[in-house]
Amino acid sequence: MPESPQTPPALETRNVNKWFGANHANRDVSLAVPKGTIHGVVGENGAGKSTIMSIVYGYLPADSGAILVDGRPVAVRSPRDALAAGIGMVHQHFMLVDPFTVLENVLLGAEGGVTLAAGMARARAELARLARDYGLEVDLDRPVGDLPVGAQQRVEILKALYRGAEILILDEPTGVLTPQEADHLFRILRALREQGKTIVIITHKLREIMELTDNVTVMRRGQVVANLATAGTSREELAELMVGRKVLLRVEKAPARPGAPVLEAAGLCVRDGAGVERVKGVGLTVRAGEIVGIAGVSGNGQSELLEALAGMRPLAGGSVRLRGEELADRPARFTARGLRALGVGHVPEDRQRVGLVTGFEAQECAILGHQGDPAFNGRFLMDRSALFDRCAAEMDAYDIRPRDPRLPAANFSGGNQQKIVLAREIERNPDLLLVGQPTRGVDIGAIEFIHRRLVALRDQGKAILLVSVELDEIRALSDRILVMFDGRLVGELGPEEADERRLGLMMAGVVDAA
Amino acid sequence: MEHAFLVALLLTDATVRVATPLVLAAFAALYSERAGVVDIGLEGKMLAGAFFAAAVASSTGNPWLGLLAAVAASVGLALVHGFACITHKGNQVVSGMAVNILVAGLAPTLAYAWFRQGGQTPLLPGEARLPQIHLPGVEALAGIPVLGPVLGPVYRELIDDANVLVWLTVLLVVATHWVFTRSRFGLRLRAVGENPAAVDTAGLSVTRLRYQAVVVTGVLTGIAGAYLSTAHGAGFVRDMTAGKGYLALAALIFGKWRPWPTLFACLLFASTDAVQVRLQGVPLPVVGVIPVQFIQMLPYVLTVLLLAGFVGRAVAPRAGGIPYVKER
Amino acid sequence: MAQEAAQGVAQDVVGRGFGRPGDVPGWVGYALLPLLNLLAALVLSGLVILVIGENPLAVLTLLVTEAVGYPEAVGYTLYYTTGYIFTGLAVAIAFHCGLFNIGGEGQAYLGGLGAGLVGLALTGWPWPVAALAAVALSGLFGAVWAAIPGWLQAKRGSHIVITTIMFNFIAASVMTYLLVDVLIRPGSQSPETREFDPGVWLPTMDRALGWFGVAIPASPLNLSFLWALACCALFYLFLWRTRWGYEIRTVGRNERAAVYAGISPSRNIILAMAISGALAGFVGVNEIMGVQHRILLNFTGGVGFVGIAVALMGRNHPVGIVLAALLFGVLAQGGGQVSFEYPTVNRELVMVIQGLVILFAGALENLFKPQVEALFRRRRGGPQAEGRA
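Chains as they are written, first to last, in full-length UniProt numbering: chain E, 1 to 514; chain Z, 1 to 328; chain U, 1 to 389.
Because the hints were derived from the structure by calculation, they are not lab data.
All C-beta atoms in this analysis are idealised placements derived from N, C-alpha and C, irrespective of residue type, glycine included.
Do not rely on the hints blindly, as some may be mistaken.
[As the list claims (entries may be wrong)] Distance ranges between label pairs, derived from CB positions:
| id | chain 1 | residue 1 | chain 2 | residue 2 | range |
| --- | --- | --- | --- | --- | --- |
| 1 | Z | 147 | E | 122 | 45 to 55 Å |
| 2 | Z | 125 | U | 55 | 27 to 37 Å |
| 3 | U | 377 | E | 272 | 42 to 52 Å |
| 4 | Z | 205 | E | 135 | 32 to 42 Å |
Produce the entire structure from the sequences given, and follow the hints as far as they go.
Here is the structure:
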C-alpha cells in the first residue's frame, strides 16, 4: 500500500499513559497507523499492548495522552465514542451474548429505533452484503453460543463492520484458531485492507507479524521500543526487541535416558461438564527420565486430558497404569487425593484459578493438596510453625520474592506465583509430574528458571508430561512430541523432525504430515 | 353442577385478586433480574408502597396521590439498591435484605408516629381507595339464551367490577411480553443480564441500563404495594405483605425468568391460597383433611423442587448477582 | 444467579475480610471502615428519629443507658447478644465456604423444636443432662434443616439463597402445624406446648453465679451465653487451625482449586451448612430451654436475619462477631426500653437501625473505602509497589 506523507495516519496515539494502581501499564505510548495498512503490535504478555488498544477503543480511560483519528484529536471516553469515530475492536475474549442469535448480537447497540423489526430487516440485508464482499459467512439465525469459535470471531468482525468501522483492532485473534483457520482470517483481513480499511492486530506470534502486517510496533514493559516496517525487519530482531536481549531458544540439556514406563494410558475418554466428549481414545506412555510434550491448539482436549490424569475429572473410559498398576478401575484411588499419594505431581494450566487460592497466605498455598500431610497436622490442630518453615525453605530454594510466607498469594507476581506452585509439586519428589502451560504469563527470567528445573527433574529419572500451546516451549523441552487434535493424538515426532510447519499441519488435523 | 360452576368462578376470582400483587411484584423482579441485578428486596419495596399509598390516601383522601407516593417511595428504595449494587458494586443479596429489614421497621415506625394507631393507618373510606371499574351489560349478557347462563356469571364475577389495578396488571403482562421480545430496551436488558461486557463494548452503558431496570422494578413494586393497602385492603396494617415479595420471587424462578411462565406461576401460587381457604377442615377423598399449613407451604416446596431440577430446570440470567467490573 | 455467582458474591464478602494486607494499615480495613459505616447508619437513624419528631441524641442516649446503664439491663443486653452470636457465627461459617445462608431464622426455629422436645421428654432429669441433650438435639435439627439446602446446592445446583429463604417459610408452616395440631397443650387455645419441668430449665446466669456466692440481678441471661463464647473459640480454632477448616475455606475461595487439591466441594458445602445450621439451632437452647421453657410460635423474632448483619459487621471473624452481636444486643434491649419512654417511638425503630447497619456495613461497605485509603496512601507518601501479575 502506497503511503503518502500528506495523508495523516488513520490512527495515532501520542504519549498515552495508564496506571493500574502502582503498575505503570502504558508509559508514553506513541504509535501511528497509516490508512489502509495492517499494523502489528507485538510484545510479551503484560507488555501493555492490550491496554493501549483498550484505551483507543474507550474501554479503559487513559490517565494522560491523546488519540487522533485521521489527524484529528478525538475524545474517546467510551466504546460509543470510539465506534462513532469509526474504530471497531474484536476482543480476545469475544464480547458476545451466547443465547442471542447472530443477528441480535450484531444489532445490540445499533438497533436503529425503539422497536427491533425495521432494524432487523435492514441488518439482514447489510450483513448479506458484507458476507459476500469479505467472505464472512455465518448463519444469522443461529444462537451464537452454538457456533464454532471461528464463526464467532466472524460475528465480532461483522459487528464492527456493521457499525461502519474504518479501523479494526483485533486482540490476539488467532489464539483459539488452528493455523488453517488463522489463514482464513488473514484472507479476510487482507480483503478488508483492499477496501481501504485499516487493521491493527495485537499478537505475540511473530509468524503472524511477518506474514500479515505492513508495519509493526514493538512494546516492552509498557513502552514502545520500536516502530518498524515489517519488510525491513526479521523475526530474530523482533524477538530480541520484545524481550530486550538475545533469546535463548534452546534449553541446554543432555539426551534423555528413558527408563521403565511410569504412566501408561490406553483408550482414554473424558467428557467435559456439559457431557461433550473432549478426549476420544487417547493412548500414551511416559517413561522415567523423559519429558513427553503434548502440542495442540488450545481447546483440543489437552486440558481435559491433563486434568483427568490428575484425578480432577472422571474418566469416561480407558485404562491408566501407574508403574504398571492399573488404576482406572479403582475409582477410590483414582482421585486427585489418591493420585497425589501415589506420587503424581500436578502443575495445573491456570495457577490463579486452579493452582493457588489467591486470597490465602503463601504458606497456606504451599500445602494445597497436602493439607492432610501428617508433617503439618497434629491430632486436631495444624502445626503452623512447621508450615511456615516449610514454605520459607521453598522460597529460598526457588528464589521466590518477596520472601514472606505470610503474604497473600495474590500479592506475588505471575512468575513467583508459578514458582510457589512448582516448588510445592516438585519438592514432594513425584514419580510423575503433570505440567500444563508452565510459563504462561511468566517473565523471561522465570521461564528459564522453570525450564531448567523441569529438565533437572527429568535428569533425576522422573517422568514428565508437558502440555503447552507454545510450540517453542514444546520443542525446547520435549524428548518426544505428541500432537493432539479434536480429542485425539494424531501423531508423534522427535524434537528434531518437529518443525513449525509440520507441527502446524498436524495440529490442524492433517494426519499424513506425520 | 351449577353450584360447582359458581364455586369455580369464585375461586378464580379470588385467585385473580391474590395474584395481582404477585404478578406485579414478580414482573417487577423480572426486569431487574433479567438485567443482572438480583432483588430479594421486593418485600420491603412492596411494604413501603403499601404504607405510603395508605398514608397519603388517608391524609389527602385521594387514592391516586397515594399510588404516586407508593411508586415514589418504592423507586427511592430501588435507587438505594441500585446505588449499593450498581454504583458501589455491593452484594445484591445483602442490599435486598437491608431494604426488607429497613422497611419492616420504618413503615410501622412512621405509622405509629404519624397516626398513633399502633402501627396502622386509619381505615380508608371508599372514595380514598382505588376504584373498581364497572362495566355495562351484566343483565343484557345474562339474558342471552344458551350462552347467557354460562357467560353471564363469568362476566359478572370475573370481569365486571375488577379493580383498576387488575386491569393495569393485565396491560403490564402484555406490555412486558412486547418489551422483552420486540423492543430495543428489552434486547439491551436481556443482553446486560447475560454478558454486561458485550453491552459495554457495544457502546452502551451497563450502569444506565441496570439503573433503568431497577427503576422499573421500583415502579411496579410500588403499584403492588398500593394494591394491597388501597385496592384490595382499606388501609395499611403491620407486616401487610406477609411474605408476598418472597412468594413473587419464587414465582419468578418457577417461571424460569420468562414472562408467560411467571404469570402462570403467580396464578398457580395464588390459587393455592384461594383453595386453602375453601379446603379448611373439609375432608378429601383418600387423604382426609389436609392441614392448611401444608397447602400454604406448597409454593415454597414446589420452588425448591424446581430449583433442584426435580420438576424441570430453571436457568438464571448468567450475569445475575455479579457486579460488573471491567476486565483489564 | 448461577452457583458461581453466589460463590463469587459470598466470596467477595469473605475476601475483604481478614488477612489481606494492602498498602494501608490493617486496622483501617477491619476497624476504621466498619466504624465509619456504623456511624453513617447511626446518622441516618438519627434522621428517622428527627422525622418522627424526637430528639435523636436524647433517644440514642436513653437507648444506650437503658441497655448498659445498670446491671439488670446488662443482663438483658447479653441475653440478646447470645442469640446474635449464634446466628452471626452461623452466617459467617457459610460465608467462609462461599455460601449465603439466609435460612438462620428457620434453622433457629427448628433448633428450638429440638431443644423443646428435650425439655418435654426429660421431665425429672437433672438439668445438666437436659442441657447437653438440648444442645445436641437443637444443633442436630438446625443442622439437618440447613444441610438439605446445602445438599441441594452441592448436588443439584439449586441456588442456596433462594432455597434457604424457601426453607424459612416451610419451617414456619411446619412449626405452625406442629404447634396447632400436634404439640399443643391439651385444652389450650394458644398454640404452644405445656411448660417444661422446672428441674430441666437451663439455669439463668444469676442463679448460676449465686452458687458461687456472686449476686447479680435476675435477667433472662442464662448459661447458653457461655456456650456462645465457647462456640466463638471453637469456630476460630476449627476454621483457621484445622485442616477441615482449611478445606472449607479453600472451597469458599476457589472451588476449582479445591477440586485440584482433592477437596470435595460438595462434601464441604454440606458440612459447612450443617455446622451453620447447628450454630443457628443453638438459639433454641437460649430461647426455649433458657427463657421460655415451652415451645411457642415465632419465638425467633428475626434473630436469623440479624445474624447476617452481625456477620457482616464482624467481618466473619469471631472477635468481630462478638462485638457486633453486643452492638445489636444493645439496640434490641435499649430500643425496647425507649418505646416505653417515648410515646411516638416503638420497638420497630430498632429494625430501622438494623436495616441501615446491614445496608452500610454490608452492601455499601465500600462507600468510604476509596477516600479513606487514598487519605492513608497520601499520608504515607505515594503509592507503593504492588507487584501484582
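For each hint, the structure was consulted:
1. Judged by the Cβ atoms, the range 45 to 55 Å given for residue 147 of chain Z and residue 122 of chain E holds: they are separated by roughly 48 Å.
2. In this structure the hint that residue 125 of chain Z and residue 55 of chain U lie 27 to 37 Å apart at CB holds, the actual value being about 36 Å.
3. The hint said 42 to 52 Å for the Cβ distance between residue 377 of chain U and residue 272 of chain E, and at roughly 44 Å that hint holds.
4. Remark: the range hint 32 to 42 Å for residue 205 of chain Z to residue 135 of chain E is upheld by a beta-carbon distance near 34 Å.
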